[in-house]
Amino acid sequence: MNINWFKYSSPQTFYPLAGRMIPWFAWAASIFAVIGLYISFFIAPTDFQQGEAYRIIFVHVPAAWMSMFIYMVMAGWAALGLSLNARLPAMMAQALAPTGAIFTLLALVTGSFWGKPMWGAWWVWDARLTSELILLFLYLGFIALQSSIDDPRKADKAGALLALVGVVNVPIIYFSVKWWNTLHQGSTISMGAAPKMVTTMLLGMLLMALAFWMYTIAVALMRVRCIMLERERASDWVKERSLSAGGNA
Amino acid sequence: MNRAWVTIFKRDILLALRRRSDVATTLFFFLIVASLFPLGIGPEPAVLSSIAPGVLWVAALLAGMLSLTRMFASDFSDGSLEQMLIAPQPLPMLVIAKVLAHWIVCGLPVVLLAPMIGLQYALPNDALLVLVLSLLLGTPALSLIGAIGAALTLGVRGSGLLIALLVLPLYIPVLIFGAGAVAASQHGMSAEAHLSLLAAFSLLSLVLAPFATAAALRISVE
Amino acid sequence: MNRAWVTIFKRDILLALRRRSDVATTLFFFLIVASLFPLGIGPEPAVLSSIAPGVLWVAALLAGMLSLTRMFASDFSDGSLEQMLIAPQPLPMLVIAKVLAHWIVCGLPVVLLAPMIGLQYALPNDALLVLVLSLLLGTPALSLIGAIGAALTLGVRGSGLLIALLVLPLYIPVLIFGAGAVAASQHGMSAEAHLSLLAAFSLLSLVLAPFATAAALRISVE
Amino acid sequence: MCIRGDRLLFRHIRFTLKPGGLLYVLGDNGSGKSSLLRLLCGLMQPESGSICWQGEQVKHVLEVFQANLLYIGHLNGLKEDLSPIENLQASMRLAGDHADKPDVLDALEAIGVGRCANLPVRVLSQGQKRRVALARLWLTERKLWILDEPFATLDSTSIDVLVARINHHLNNDGMAIITTHQDVAISAQSTQVLRLDI
Amino acid sequence: MCIRGDRLLFRHIRFTLKPGGLLYVLGDNGSGKSSLLRLLCGLMQPESGSICWQGEQVKHVLEVFQANLLYIGHLNGLKEDLSPIENLQASMRLAGDHADKPDVLDALEAIGVGRCANLPVRVLSQGQKRRVALARLWLTERKLWILDEPFATLDSTSIDVLVARINHHLNNDGMAIITTHQDVAISAQSTQVLRLDI
Ligand code: HEM
Ligand SMILES: Nc1ncnc2c1ncn2[C@@H]1O[C@H](COP(=O)(O)OP(=O)(O)OP(=O)(O)O)[C@@H](O)[C@H]1O
Ligand SMILES: Nc1ncnc2c1ncn2[C@@H]1O[C@H](COP(=O)(O)OP(=O)(O)OP(=O)(O)O)[C@@H](O)[C@H]1O
Ligand SMILES: [Mg+2]
Ligand SMILES: [Mg+2]
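Residue numbers (this note's numbering), protein chains in the order written: chain X, 1 to 249; chain F, 1 to 222; chain L, 1 to 222; chain H, 1 to 198; chain Z, 1 to 198.
Derived by calculation from the structure, the hints in this document are not laboratory data. If you're wondering where the values come from, they're calculated on a predicted model, not measured in any experiment. Errors might be hidden in some of the hints.
Said to hold, decoys possible - Mimicking DSBU-like on lysine-lysine, the simulated pairs with C-alpha atoms at most 30 Å apart in a straight line are:
| id | chain 1 | residue 1 | chain 2 | residue 2 |
| --- | --- | --- | --- | --- |
| 1 | H | LYS59 | H | LYS18 |
| 2 | H | LYS59 | H | LYS101 |
| 3 | H | LYS101 | F | LYS10 |
| 4 | H | LYS18 | H | LYS143 |
| 5 | H | LYS59 | H | LYS143 |
| 6 | Z | LYS143 | L | LYS10 |
| 7 | L | LYS10 | Z | LYS18 |
| 8 | X | LYS154 | Z | LYS101 |
| 9 | X | LYS116 | X | LYS178 |
| 10 | Z | LYS143 | Z | LYS59 |
| 11 | F | LYS10 | H | LYS143 |
| 12 | Z | LYS101 | Z | LYS59 |
Given these sequences and hints, build the entire structure.
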């Protein structure tokens, strides 16, 4: 795996490779999504206490999972880029951030849509909700920092550093929020009241998670290609590409 | 002169668009500060909704105030303020242009985001409406008054805090009327009185503040 | 190397003394923010004392955060940061010196003023004591973590708000434990757990933050 | 145009500048050159004494005076985030005259920073920034130019270009007040030198 | 000490500086002089190529190298609120050598800003500030001086003083790397000129 990355870690070799990979992931994403949605909406049984509304978790839960997972991956790339002083990992981190933020937002929105029927309130200060919100802030901070530094090399390093600091803090934050929440027990509603996970439901969620996963990869690759072109416009291989593209057009 | 007015306005908007992050940050600051309080105070909806008007207004006020430092600072440090002063235009007009741009960039987004956060504080719908209205009427006054402070503290190290010091006392009436309006509608009373007072205050500062700001600018550039 | 450390520290303290207004402003900001809430929320002592821990801690946190922009900004713009970077000294040491100076100038006064304001919020005495303790243990962490944000946002326009965005989420644990401590003692529980957690957090950031800050400085001066 | 004594740094200065006239303000560092220029622009008020424009005291005809004035201090007055073009267009309109893109481009070309016309000013080098600021000299017809150390940090070629421009301005009955430490040859119908000593 | 190619602005630069040697880095505005100096100080990393100090790569012997280095960029590195004396003492100690008040005063006298020794730097003129920053040259024995446009905004007398100082440094086997746009006569045992073109 790593070997591969080192082999392909130079933009001009990675660019076409990414181009070839994107369609596959895109297709995989849509197929998984179709099956997953079918299962979750038609096969999965209606929950007796929550009615149809509960079907939101088929989007909500995977989104929440992704939101946290992507941040870790992002930080991983950032660390790699910082330690190797290589360009590609930094670009990957930068490309992942928006997707992660979007999934976080998705988890928040779907969650609150679910919360309305569940708890009669759009929002409660539950531990998981709160930490998800904070996660959103961390994403936004990363994006804001990178977008407000214009020298890309600088932006990469600064962003990477921030991501690492964030990763160190995430568990501390999560723990402290949970603790805070338990201190104020009683008033808050736990999400434990969720329906028992029937295997079909689990299957649906896993499929949706896979779909999100593929989607993430595909989108990240696309974004990385754009970033490459933008960053390396001066370099020869981009010029050649644009020339040949012009020739074809 | 009209053209110069438009120029300044356009240029500042353009600058803001160049650095979208600036707009965003004001917004997120508001968002974050507003979400800090439950972490400090505890999640009970009852308590939260009772303190919501105060907290949200204070948050909006702080967000607006933080963005003040940027209103003239860059013009000052790169010398384009000198150019504004020696321009054959009435300075107060230019000031109004800058303040307007600043409000659109930093004030308006907060007004629009406020309802979302109101939801987090379990505010009822009509209270949300009043919240938006009060912010819409109040924040211009904040920008206008803030401009004076920003102008006075130009070139002073750590002006951010100094501005806070100068400006916050002047903000207090706005805060009281604004938060009062929301609280009133929360308790099922009419908020008209508060709102009209807010509007009056904004108008007053629209008339007076630009001249004060212009004077302050001349002083701190000399 | 030791001498360089002392030099930086002394120089920053001296600068702060030259501009006493800076020290004052942090303090006043804390004071004003803390006293804004009663205006926004209403004077009922019961409500006030129930929200006091959260409000006071948030105020302290914001005051500390506002003063962050100043930590490296002037060194950066006048070029003395470059001189620090090429000095034959381990940079993290110098960073610690600067952070310490910053804390003494901006953090300590707030800690000392806090009880006065606690009185306004009708806090009982033991709660006041815990408040001071928690601030004493917590604010160093704020300065240390804040330094990272300050270093990362050097030379970025509108850094004041950007810092807020970067740093406030990282402040949340401190806020929770700090306010929690006060609240606990308010409800007659022991605040030890909270306080020791605070202390642990500060120590951790004392170990890690300076290196992160040093790295960030090298990045943003490049 | 005339000045009478100001105490702060210098006293009993007095001079008159005629159309086509050039005034060098020379003096060691700290002799008060920049301060004097800021007085002339009305950015500072003299302790005592008066500054007149066409017989009128400047402070009474400020708008008229400023409509004839072009001042470039040692601060360049450029927005780091905007490109040279945007910067110049803004500052031109602010100064009350119009400038459309081609003209600005020509001006930038003239002083040799056409290459950077669309970069953000932030990434320009010291001298390039200075040149962008000076490009305004190609864009306005103001009677009076007040330039504070225009030549500092410029390379020799751009100094020549600048000198040529100033000559042209003076030969069309313009007036210029310049401080500098480098000795450059500017041919004016009437060149005065004002020495400030510490 | 040697450099090999850096791609960003310039490539295939290569030079070696011997004790007593002086390197002029010349070039038009924006040719990359300041960037080069920052590379040499280790404030930036070269995209490719290496910088060596006495045969060792600088990034491996950074502390040693920096203990021999004195860099003055176009930023003066002065605190506006402190007096020249306080500023210099602080920056000296930071750089790791000691300087007590009389020495600092002598240095300031030497470059002719003794008068301002106790004013806050804020009120000094451009050139005076520059001279305060340059006073460090009288206070340290560093083998390598890297000066970015030291002569800009200086008046002729102080330029002469500075040149004399640099000569003295070179004659005692010091090394200096200097960028400038003014042509000043510095007599060195071996003077190299590095021209950067855009
Ligand atoms: C850390 C992020 C989150 C994760 C990992 C997460 C995960 C889950 C999971 C696994 C469930 C299924 C029930 C259970 O197993 O407890 C669930 C239910 C739910 N989530 Fe989330 N969620 C997250 C954030 C949110 C947010 C931000 C909201 C609202 C804004 C939210 C609202 C809900 C609601 C209303 C339910 C149903 C609760 C119930 O069944 O009583 N969740 N969540
Ligand atoms: N705000 C101020 N307060 C007190 N003294 C000042 C102030 N500004 C300038 N000075 C003093 O006035 C003198 C002249 O300053 P000025 O900048 O005009 O000199 P200058 O002739 O432009 O020098 P340079 O050639 O270095 O630019 C300086 O000695 C400075 O110490
Ligand atoms: N951060 C940056 N990003 C992109 N380009 C830059 C950056 N900094 C400098 N440059 C470019 O590098 C070139 C060299 O800049 P540098 O300051 O080294 O020039 P210089 O030789 O010092 O010019 P001067 O004589 O005016 O000081 C300039 O053309 C500038 O446009
Ligand atoms: Mg001057
Ligand atoms: Mg340079």
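Outcome of the hint check:
1. Restraint check: the Cα-Cα separation between LYS59(H) and LYS18(H) comes to about 20 Å, which is no more than 30 Å; the hinted pair holds.
2. Between the alpha carbons of LYS59(H) and LYS101(H) the distance comes to roughly 34 Å, so the proposed pair goes past 30 Å and is violated.
3. For the hint pairing LYS101(H) with LYS10(F), the CA-to-CA distance comes to about 16 Å; that is within 30 Å, so the pair holds.
4. Taken as a hint, the LYS18(H) and LYS143(H) pair is honoured in the structure, with Cα atoms around 11 Å apart against an allowance of 30 Å.
5. In summary, the hint linking LYS59(H) to LYS143(H) is supported, as the alpha carbons are separated by about 18 Å, within the 30 Å threshold.
6. With a CA separation close to 28 Å, the supplied pair LYS143(Z) and LYS10(L) stays within the 30 Å bound.
7. The suggested pairing of LYS10(L) with LYS18(Z) is violated, with an alpha-carbon distance near 38 Å, which exceeds 30 Å.
8. Simply put, LYS154(X) and LYS101(Z) have alpha-carbon atoms about 40 Å apart, too far for the 30 Å limit, and the pair is violated.
9. Note on LYS116(X) and LYS178(X): the hinted pairing holds, with a Cα-Cα distance of about 22 Å set against a maximum of 30 Å.
10. The hinted pair formed by LYS143(Z) and LYS59(Z) meets the criterion: a straight-line CA distance of about 18 Å does not exceed 30 Å.
11. At roughly 29 Å between alpha-carbon atoms, LYS10(F) and LYS143(H) fall within 30 Å of each other, so this suggested pair holds.
12. For the proposed pair LYS101(Z) and LYS59(Z), the alpha carbon gap of about 34 Å is over 30 Å, so the pair is violated.
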